[in-house]
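Participant: Read off the chains here:
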Amino acid sequence: MFSLDTGRLHAETYRFIEQVRNHYKISIDVLSPDKDALEKFVREKGLYSFYQDGHKECCGIRKVVPLRNKLATLDAWITGQRKDQSPGTRADVPVVEKDMAFSTADHVLIKFNPLSYWSSAQVWQYIRENDVPFNELHNRGFISIGCEPCTRPVLPNQHEREGRWWWEEATMKECGLHAGNLQQKAG
Amino acid sequence: MQISMVKKIKADGSPCRKCQEVEDRLKAAGLTDRIDKVIIADERDPESEGMNLAALHKVDRAPFFIVEEEGKAPRIYTIYMRFLKEVLNTEVSEEEQLRDILDAAPDIDYI
Ligand code: SF4
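Chains A and B, in that order, are what the protein sequence lines are. Heads up: take any position in the first sequence, counting from 1, add 1404, and you land on my numbering. Heads up: take any position in the second sequence, counting from 1, add 77, and you land on my numbering.
None of these hints come from the bench; they were simulated from the model. Predicted model, so just to flag it, every value in this text is computed and none were measured. Every clue listed holds true.
Each computed PhoX-like pair below joins lysine-lysine, with the alpha-carbon atoms no more than 20 Å apart:
| # | chain 1 | residue 1 | chain 2 | residue 2 |
| --- | --- | --- | --- | --- |
| 1 | A | 1474 | A | 1439 |
| 2 | B | 135 | A | 1502 |
| 3 | A | 1502 | B | 149 |
| 4 | B | 114 | B | 149 |
| 5 | B | 104 | B | 162 |
| 6 | B | 84 | B | 104 |
| 7 | A | 1487 | B | 135 |
| 8 | B | 84 | B | 114 |
| 9 | A | 1502 | A | 1474 |
Bound-form chain A, shown alone (with noise of 0.2 Å):
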């Protein structure tokens, strides 16, 4: 199991990885962003770049190359995406896919989602029964929780993705491909 460390995470995140690996008894790998590419970075641009400029730069360096070093030592992963997360921007979240944002020519990573067809409310109701552990910011209103500096609660009725990267949100669902219509093509 691993877990991105961006190093802008909330103290109650850091708690929670904590909980799971005591919980369940198992090692967790914290992934690190590269030490050089991110003192650049930050000694270049600071630490709140991404308010002027977008979150693509920071994300990229902070979570996106961890994340695809680590992919590119294993031929599957498992997330925990649903298709409810996303407010119309995508087709569909397969319970299993080919990974067309990783795998490359001469290595091929197969994405689970198990989770995709769960709603929220089952989500919920399975960590009752189960005491599973969660991040106790949920309590506090947030819903969808990446890095402290980009991720606000919404309030009721608000979509969860609201609570991300909200100050950009225009340009973000740009070059999804109609939902509806693929998915009348699937089915």
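Since the structure of chain A is already known, use the hints to place chain B with the ligand on it.
Facilitator: Just chain B with the ligand, lined up with the frame of chain A:
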């Protein structure tokens, strides 16, 4: 080798920003000639060739590239920089590659 680029027309009839950007980058790099066919995925028409191909190859992003070679299964590229590197053998910077991964698969940064 036959290379097709599938680009999107949005539900409101306007061209997709990312597709335009990729086309401009291909043009600036002098690589337009390497694309044999440009196919439209028109969100207003589920039967358009590009929408059919997206459904066939289970692709939900645009633009994407289909690389066909005789005797081999078609290869699909949703990440422009990877397409450049692996198919057109072009050097690309790390920063551009990372940006493209996030553009093509925005859900990964929710992980
Ligand atoms: S979520 Fe924010 S702080 Fe975290 S890696 Fe992305 S831009 Fe950086």
